[in-house]
Structures are given as structure tokens and as C-alpha cells.
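Engineer: Residues per chain are reported as follows:
Number of protein chains: 2
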Amino acid sequence: MGNADYSYPAENVECSHRVAIPPPQPFTKSFANNLKETFFPDDPLRQFKNQPLSKKLKLGVQYVFPIFEWGPRYSLNFFKSDLIAGITIASLAIPQGISYAKLANLPPILGLYSSFIPPLVYALMGSSRDLAVGTVAVASLLTASMLGKEVDATENPTLYLHLAFTACFFAGVLQASLGIFRLGFIVDFLSHATIVGFMAGAATVVCLQQLKGILGLEHFTKSTDLVSVMRSILSQTHEWRWESAVLGCVFLFYLLVARHCSTKRPKLFWISAMAPLTSVILGSILVYFTHAEKHGVQVIGHLKKGLNPISITHLAFGGEYMSTALKTGIVTGVIALAEGIAVGRSFSMFKNYHIDGNKEMIAFGMMNIAGSFTSCYLTTGPFSRSAVNFNAGCKTAVSNIVMAFAVMLTLLFLTPVFHYTPIVVLSAIIISAMLGLIDYNAAIHLWNIDKYDFVVCMGAYLGVVFGSVEIGLVVAVMLSVLRVLLFITRPKTAVLGNIPDSRIYRSVDQYTNANNVPGILILEIDAPIYFANSNYLRERIIRWIDEEEDRIKSSGESTLQYVILDMGAVGNIDTSGISMFEETKKTLDRRGLKLVLANPGGEVIKKLNKAKFIEALGQEWIYLTVGEAVGACNFVLHTYKPKSTTDQSEPWSNDSSNV
Amino acid sequence: MGNADYSYPAENVECSHRVAIPPPQPFTKSFANNLKETFFPDDPLRQFKNQPLSKKLKLGVQYVFPIFEWGPRYSLNFFKSDLIAGITIASLAIPQGISYAKLANLPPILGLYSSFIPPLVYALMGSSRDLAVGTVAVASLLTASMLGKEVDATENPTLYLHLAFTACFFAGVLQASLGIFRLGFIVDFLSHATIVGFMAGAATVVCLQQLKGILGLEHFTKSTDLVSVMRSILSQTHEWRWESAVLGCVFLFYLLVARHCSTKRPKLFWISAMAPLTSVILGSILVYFTHAEKHGVQVIGHLKKGLNPISITHLAFGGEYMSTALKTGIVTGVIALAEGIAVGRSFSMFKNYHIDGNKEMIAFGMMNIAGSFTSCYLTTGPFSRSAVNFNAGCKTAVSNIVMAFAVMLTLLFLTPVFHYTPIVVLSAIIISAMLGLIDYNAAIHLWNIDKYDFVVCMGAYLGVVFGSVEIGLVVAVMLSVLRVLLFITRPKTAVLGNIPDSRIYRSVDQYTNANNVPGILILEIDAPIYFANSNYLRERIIRWIDEEEDRIKSSGESTLQYVILDMGAVGNIDTSGISMFEETKKTLDRRGLKLVLANPGGEVIKKLNKAKFIEALGQEWIYLTVGEAVGACNFVLHTYKPKSTTDQSEPWSNDSSNV
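Those protein sequence lines, which keep their order, are chains A and B.
Counting along the first sequence from 1, when you hit position 529 you're at 529 in the UniProt record's numbering, and nothing is skipped either side.
Counting along the second sequence from 1, when you hit position 268 you're at 268 in the UniProt record's numbering, and nothing is skipped either side.
There's no promise every hint is true.
You can't tell identical chains apart in this list, so a pair holds if it fits in one copy or across any two.
For lysine-lysine, the following DSBU-like pairs were computed, each having C-alpha atoms within a straight-line distance of at most 35 Å [claimed, not checked]:
id	residue 1	residue 2
1	Lys56	Lys612
2	Lys222	Lys58
3	Lys222	Lys36
4	Lys327	Lys149
5	Lys327	Lys222
6	Lys294	Lys585
7	Lys305	Lys612
8	Lys305	Lys29
9	Lys29	Lys585
Calculated from the structure, these hints are not laboratory results.
Working from the sequences, and respecting the hints, build out all of it.
Structural biologist: Here it is, written out as C-alpha cells:
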């Protein structure tokens, strides 16, 4: 088969191709390039190029406030759609806001405040057309569990409240800075698998927390893990209130049926969207007339009338608990960002428009900073509300403005309506929303396609359910990063063989019809050669050679003479990697084997050249393709067969067209 | 140039090559394979295969105790060499041991104890022939700084001593476990660049600490950073003792001259090796006769006669300070391991024998566990002592045994000799050893070859000098890991062009003669596609297309129709990566472009197949090489030119041999 190469005379022309060393670049230029690729991969300044100053200014304002871009094109038809969508999401936002505020151990009115100011800010600055702004269950739960560790919300409600504002402020600052400093890619480290597991875990935990409301319990554990919660519930069976439980189950059933209808027939989205508000109204009426609040059914109680009070003076800077607020802000800020960005991106995919992640982060950040000044806690773009917005046919961020006005009207005039709203209804609303977050199918999909992703997902899930939300997150991110590190630490190496009737060489594991080339071992390295794998690779290459020699010995083939390393997939190399090559070359020399490189990339050949390894190896032992390398080796093998191969060093100079 | 392909009729046969999906493997098997590659890359059980039980047992004993392997072949000639080498390193070990024990704030006699038991254990279990066992400056300094933070060595010497034993024990357990659980690759994360910077930083810090001895100061800061040390020295200029300083400078000069001689003429290695002992003897005689100890020259004082006392009962388990000892043990254990393994490997390279990293770790671990039971503190294979051992012509680990006996004799009979040894001489010995560790040339080499490695190196150096030893280490490891993560997060993508007169496609940045193919954009992705880069890649691919279309628009070439992704360097993919492909395909479809894949690897094609992406794309749009993909695209472009390309979906079915 080695001889087969010479049956394509036209191809031997190829042997004159040299591996190019890329033209040297000044360090500053390549450094600037790297910086640009790292922080500005989307090249946001491209549109500003070659524009007059006035146009540049206009583009700049539009860049920061996208509303000035789409605003002038806004039409009455758009407004009709946005009005319907906005009213629909407001009807969802009011009960959800109250529920999640309870989940965060904050006064219920904060849920309404948080659906008023932040959506207005987002409408100015956000680039998504479908995102509906509001508070989310996971961040609410996180706020409760992280702040609750330090300050008791019932014993010291004012401090707790101020810490929640402060956490929201820090979350906003973090989000805006990530965007401004173009560090949005940090959010990418929350992989899809992590988010699936994390969301399911958080949903489980949130549902468990709702058992307090459903069972009408007064005392409850502060821990969120499954074991503590079950112990807390089972230890006070005598406190369970059947009235509350029955009411909760009825409303939960109603909500689930409503959601089922909407899932089956997307046109009926409004059934599901209106169901929470209907539940609240029905529940409140029921309690009002039956006086169930005196029979174990807890109610929300008094809600203060009026718009958001200013809270900028309440931010707890420098106090004893500032570090708690900071930590809470960082964790909730990142989680909220990940959810918001993912939601925005999903819907932009549907409608085929572009979302700039870094810009979105700035918008989220500003909205939370503004929120923290006006008695709001952390908001983002919740999936459920945005999906309703999308289904209701929203066209632009104006639907957020409509929702904000609806909430404003509620705050001004309708708060007394919620006095008799039973908490158990809020629990049912939360549970029904949470059940949608547990995505079995996604987990099964992960298992089928990528076992490691499934492990990451389960790590996040179990970490959240049996540990805490932070533990789950840390476990999942560590597992994800470990995968990347393992890929580099233990790169795949494969023996290549010749695909019959071609000069193509591919892994014999993948292509079962690929044949070994006698006397030549061809190895492919599948990762950059870094400190983390250079020792492994050195040992692994030697082991491949040992195994090949064992095989040759037992099969009686001709002895091994050449080791060709296919470097096509080696994206980069560091000084440890270069040492690895030097050591491997020495070892091979000692064993009478010749090292040959095929297809080294630009970065690699540049560094090998600088380190003078190319000189040591001989420029003539570096080929553009594996096929050419094999051709050259075979040429020497067949021409000089009787002689020892170790002193033939210049196969290149033998013009192969003479064969 | 696209047409050029058809001028090689013989090659069109290649178009019948299909990309193979590797044969499915049961999950357990592929999992076992992965585990094996991760933890047993060197396949240590290979030699046990197909051997009778008795042979297996023998091999097993030899595996754990390499002395039984080389022992039987040991000859008198070997012993002569080892004797000379052993005595030479003993003459270095005694003063160095005392110096480093002072550096660790431990009783000087511990330096001698630590050169007695551990070398014996290593001789039984170690696989290096050149490593000389002993204490090292960096680990000593680390012990002093980490334990010293919690316990004052002068105020509570007994507790401090017991903590040092405990730390040594934990270090040993850690080292042995790393070896037993085959986790030795963790040490690989201390890259060459990290070690160069770290060692230089540690050497600088150690030299700074010696100013205390040289200047004869009584009080000294406990911090190790440059700023604190300089402040401490300059704030007590009135305490400087000129007698001490003069003596120190004289001996330092002598030691440096001796080392200079040995570096110039390696045969004179003994001058340098004997210099410390000569200094100690000369210094002691001088002090004895001049009574300099009464004029500001501090001396070692009384050393207890006798062999190592048993310290197993002194290990401070469960006490208040156990966590400090554990932390110190982990950090010093890893550092010592890295140095020992690197030293062993360097010398085995010279003499061409193999060292098994995991086995070495077990040997280091056992030697430190045994040491912690017998009043020793952390030992490893110091570079300086091993280099002397190597130069003195050692043949096997017997030189360690000889050294241990020489130290034993010293412990039994010669300790009073050291009563008058001036501490300033020990400081001079340490400084002269440390200056050798600052490897400017290596740093310059790093700068020339790999700027990022230089940054890592400087990070380690500055971290150690201006922060602390731990800070330097953490900074360097973080920077190193960041590099790996950056490689994955921002993978290189490159446009490929055709190398003239061939069917080879390579990066146009590297090969300036490569030509674009009209109507086709060929992109190469240089890293696995993971969660960390899938968003980036999606955006980057779209940007490449935008830029290409801009270029085409301005140059008036034929419009873009195909985007070929060369997947040769994509080693793996996860579910986020698959989503990226699905989204990219959607975007391209919408823009009327056709996505074509070339040369996907086994792992990648398997997962794309499972995720049904291949079905969605069409099996006929996946080619074995870029050349074939271009050929097929060109075939469609040229045959069906007038029609729109979006509804031609089966170029594959067109047998290219008909062209």
C-alpha cells in the first residue's frame, strides 16, 4: 500500500509544498488581536466605521438605548399587540410578584414594586423584544436562604429589607460591570446542562418550601435541603391544617389543568396566563365570605397603597452585613443574568433578531440598580412570564411599559383587594410555575447524547436538593470546568491508517477500513500541548510505540522506522509542550526511530521555530500533510532499504518526481 | 481554481469515501477506557500480563520496592562509586540540613535527623538512581511561614515542633495517596513556567530572610514579603552587627567562588560540594578561638547527641491546630513533590532510564510518613544535592544509604563539633544555594518563546516576593488554568484557502499563497466545542460570514453559497456545542447558505448522529476532507449555476466520476 502512492504521479507535485511559518507579527499587534478576540468577539464598533460624527453620535445613543432605534418605527398596530400582551403579563405579574416576594421572606408589596420600575428601565435599554421583566423564584429563594443565614427576616425585618435592596444594588453593579467590561462570557460557564439541573433542583426546593404554605405551618426550617425540610414537616404533623391543604390542592389542580390546556393548544395561552389572577380573586372572595382566615388559612393581610418609596438612603453600605449583601448580590446577580440572557436569546432565535449579550447585561444591571433605589429587589427576565408575553403576541418592549402601568394602577388603587388573598393560593401558583421548570426530557436528552453533561446536570440537581442552591451551582461549574481541564490533561491520541485508494489518513478506531502503513506509526494528537498534558503525551507516545513494536514482533512485519505525529489538531503549544517534543525526539533517536511532523499549525510552527526545535529536527522532516510525510518516509524506506535509516537525513532533497 | 479539481480524474475516486461513524461501544466499556486513560495512562499492569503467579508476586514486590529489582545486580564497582557520592552528599547534607532547619524555625538537629531515616526509606522504594534525599529551602520556609502564623516558634517551641511533624505526616499521606490513587497528574498543573518563577521568588524570599542572620539581628518580621522584610531591616539599623556581616560576606564570597569553579569545570564538583562543610569547620574554629559569640556572632549552640527520637506519639491529631498542620502539609507536600519529581525526571533523562511518577509519589509519601514518626520534617529530592550526587558519579540509591550512615555517625559522635558554628555561615550557605535557583536565562527563554508562559512565571515570582509563597503559587496556577480555559473559551478560527496546485486547504494567515475559493467560505475551528465557547463560536462564524460577504460585495465576486466547517481539530463536543450547530444551521438556512462539514472526528460524529443533527443536515453534506467538500460544492455550483442552490440537496448522489 505504501507503493500505491507512486501510482499517482500527478500528486507527487504536492511534495514540494512546504509548511509555512506565518509571517512574524509585532508582539503588540498580536496581543491587541488576542484582546480583541477575547473581549470584543462581536466587533461592536464595526457599524461606527467610516461614519460622520453626527451619525456616530446617533448610533451611540441608539446603542445604549435601543428604544431610540426601534421607537421611530413604532406603529399603532404594534401598540395594539403590545397592549394585549402587556395586560396579560400584568395579570400574571401581580400574583407571581406577591408570591415570590413571600418566597424571599420580603413584604409582599415588594413584588409589585419590582414589576413597576425595572420593566420601565428595561424597555429603554434592553434589546430583547419578548422579554418580560419581573422577579424570579430561584433568585427569591436564594435571597431568602443567603440573607436568612445572617439576619432573621421575622426578628429584624427592616435590616433584612435593607440588605435585600443592597444585594439588588450589588447584583446590578455586577451585571452592568460584566457588560461594560465585556466579561459576559463568564455566564457561558453555566452550561446548558448546568442550567437544566440547577433549575430542576431549584424548582424542587421551591416546591418543598411551599409545603409550609399548603400545610398552613407556622414554624419552618430555614434550611432548603430535602432532608431538613422533610424532617421539619414530619416532626409537626399535629400542626397540619386540612382547610389550607384542601384549598391549596384545589387551586393547584385548577392551575395545572389550565396550563395543560395551554400547552396542548398554544392559542389558549390566556387561560394559563389568567389562571393565577383568577385563582387569587376566587381565593380572596372565598376567604372573605367564609372567614377562613380564622380557621387556619393564612392571608396576605394589609398591603400599603401607593407607589414605590425611595430606598436609596436605605442601602446598607459599610455595615456589618455588607459582605453578606455583597455575596448574595453576586450569586443572585449571576444566576438572574444567566436566566435572563438565556431567555432573551431563545426568543430572539424564534423571531430571528440579534441580541447582544453584553448590552443585555448592562440593561439588566441598570434596571437592578434603579430597582434598588426604588424599593425593588432582584429582577430579571423570567422564562414563564416571557413565554406568556411571546404567546400573547408582543411586538416590542412596550409590553413591559404596559405591564408597568397596570401594576402602577394596582399599587395606587387596588392593593386592598389582596388583603384576603390566601397564602396557600400563592403557594399553589408557585408550585404550578415550578413544575414547568423540571425538564425531565432535557435530562434524558443529555443522558442519550452526552453522559458527562448528564453528570453535570445531576450534580447541579442533587447539589441543590441535598445541599443548597450555592453548593449545587459550585458543583456543576466545577464539574463543567473539570471536563475542560480533563480534555486538555488527557487528550485523545489515535493511530492513523490509510483509507484504501487514497492518500487520506484517518483514525483506525473511527475508520475500520483504514490500514496501517508498514514501518511507520502515525499518531494524531487531539488537543493543544500544554503543561497539563505534556508529561502524559510523552508517556503515551512512548507507549504507542511500545505497543506497536510488540504487535510488529508478534506479527513479523518489517520493523518500525518512523513515527509521524499529525499536528493538525494541535491548536497551540507552550514551553512545557516544546520540552516534551525535545525529550520525545531524544528518546526516539536513542531507539533508532525518526520523528516526523505533519501539518503543524501557525502558532505551533512559530514557537517550535523560535525554540530552535525545527533546526534540531530538520526542516525536511516536517510535511504539510500526513500523506506527504508517509510518501517521503516510504521513499527512503524503499530506496535505501538495505542501509540503516538513521543516517539518511534528507529525503526532501530527493525530488520525488524522479521516482 | 475550483475547476482545477477536475483535472485530477484519479482523485475523484476519493469522493466515494464516507465519513465513518465509529462502531458503537457499550457505555461501560468506553467509560472504563476513559478511566484507564485518565488514571493508568502508563498501563502499569502491562508487565504482569500472561505471567505465572510466582513471577507476578515477584514483579509485584519489585514494583513496590525497586531495590529488589536492581539489588541482585549490584556490584562492588557500583559500591565504590556510590560510596564516594554518598560521602560527598553527606558533607553537603549536614550543614544544609542545619541551615534549612533554622530557616523552618525548627531545632537545628532536625536537619540531621531528616537526613538519616528518609534517605533509607527512599533507597528501598524510590526508582530514581540519582536523587539525593533531604530537606529543601522552599518547603522549610513554607513550614515556617504557614505554621508561624498560628503558633510562635519561640514562645511555644514544643507545639510548633509537633505541628511540624504532623504537617510532615499529612504531606506524606497526601503524596502517597496521590500516587496510590494515580492522581499524580495534579502535579503537572505546576507548569515549568510556574516552577521557574516560583523557585526564583522563593529563593529571593529566602535570601531576604537570611539578612537576619547576616546582620546579626535579634528581632525580625514574621512576614516573608519584600516590603515587610525591608521595613523590618531598615527600621533597626542601629542593631546591625558589623562582625557578623563581615563574616557572612567572606564566607558567601568563598562559597560563590567555589561554585563558580565547579560550574566552569564539572570535574571539580567536589570543591563546590565540600565548600559548605569547609565553611562550617572554618567558621566554627574561628569562633572557638576568637570567642566571637560574645561579639555579636550568634552560634548554633548545644546539639543533642544521639539518633532520632521516636515522635509518633507527638503527632497533633484532633487538636486545635490540626487544620493548620493539614493545610501546611498539603501545600508543602505538593511543592516538595513537584520539586522531587522534576529533579528525578531530569536526571533520568540524562541517563536514559524510566521514572514512574506515581511510584515516586508513593516513595516520597512513605518516606515522609516514616520521617514524621522519627522526628523528621518534610524531605524531598532537592536539586542541589541531587546534582552533586549525580556529578559525584552515583550509580544507585545506595549513595543515599551511605549518606544516611555518615549522618548517623555524626549524630552519634560529632554533634559537639557544631556548637560553635556561627549562624551567619549557615546564612551564607543558604544564600549561595538560593542564588543558583534564580534562573534568569529560563525566564528570558520563556519571554522569547511564549509570552503567556512568561506572564505565568512573573506572576509566580511577584506573587511570592510581594505577597507570600502561597499567594505566588495560587496566582501562577490560576494563570495557568486560565490559559487553558481561555484556549477553550476563545478558540482560534481561521479561513482556509487552497494551496496552489493541490487539493490541500490551509489557513490563509499561515500560508500566504493559499487562495480563497469563490462562493465558498471554509472555516477551521481549532478546539473542542463546549459550553464555554459555543456562544462565541456561533457569533464568530456569523461574523466571518458577514465579513466575507462585505468583502465579496466590494470586490464583485460571485455570491457566497457554501460555508464549509473543517472539524479536523474539534476533538469533542457537548450538548451546548450541538445546540450551537443547530442554531448556526438555522441562521445559515435563513440566509440561503448551505452548511457543510468536513472531517468530523469519531466522538463528534457519534454525538451529532445521536442528536439527529446529521439527519437534519443531510449525510450528503458531510465529507471526509475539505478538498472533497469543495469538490462537491463546486460541482453543484458549476452544474446548476442558474438555479437557486437552496433546493439542491443531494450533490452526493451525483457520481463525480461522470464529470
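Engineer: Between the shortest in-copy and the shortest cross-copy C-alpha distance, which are at most 35 Å for Lys56 and Lys612: within, between, both, or neither?
Structural biologist: neither (49 Å within a copy, 45 Å between copies)
Engineer: Within, between, both or neither: how does the pair Lys327, Lys149 come out at a Cα-Cα threshold of 35 Å?
Structural biologist: For Lys327 and Lys149, the Cα distance is within 35 Å both inside one copy (12 Å) and across copies (27 Å).
Engineer: Given a CA cutoff of 35 Å, do Lys222 and Lys58 count as a within-copy pair, a between-copy pair, both, or neither?
Structural biologist: neither (52 Å within a copy, 60 Å between copies)
Engineer: Measure nothing new, just compare the shortest in-copy and cross-copy C-alpha distances for Lys305 and Lys612 to 35 Å and report within, between, both or neither.
Structural biologist: neither (78 Å within a copy, 55 Å between copies)
Engineer: What label fits Lys305 with Lys29 when the C-alpha limit is 35 Å: within, between, both, or neither?
Structural biologist: neither (60 Å within a copy, 66 Å between copies)
Engineer: Within a copy, between copies, both or neither: where do Lys294 and Lys585 come within 35 Å Cα-Cα?
Structural biologist: Answer is neither: 86 Å inside a copy and 60 Å across each miss the 35 Å cutoff.
Engineer: Checking an output row: Lys222 and Lys36, CA cutoff 35 Å. Within, between, both or neither?
Structural biologist: Classified as neither: same-chain Cα gap 46 Å, cross-chain 44 Å, threshold 35 Å.
Engineer: Regarding Lys327 and Lys222, is the shortest C-alpha distance of 35 Å or less found within a copy, between copies, in both, or in neither?
Structural biologist: Both: 18 Å inside a chain and 32 Å across chains, each within 35 Å.
Engineer: Is the C-alpha distance from Lys29 to Lys585 at most 35 Å within one copy, between copies, in both cases, or in neither?
Structural biologist: both (33 Å within a copy, 33 Å between copies)
Taken one by one, the earlier hints fail for this structure at numbers 1, 2, 3, 6, 7, 8, listed in ascending order.
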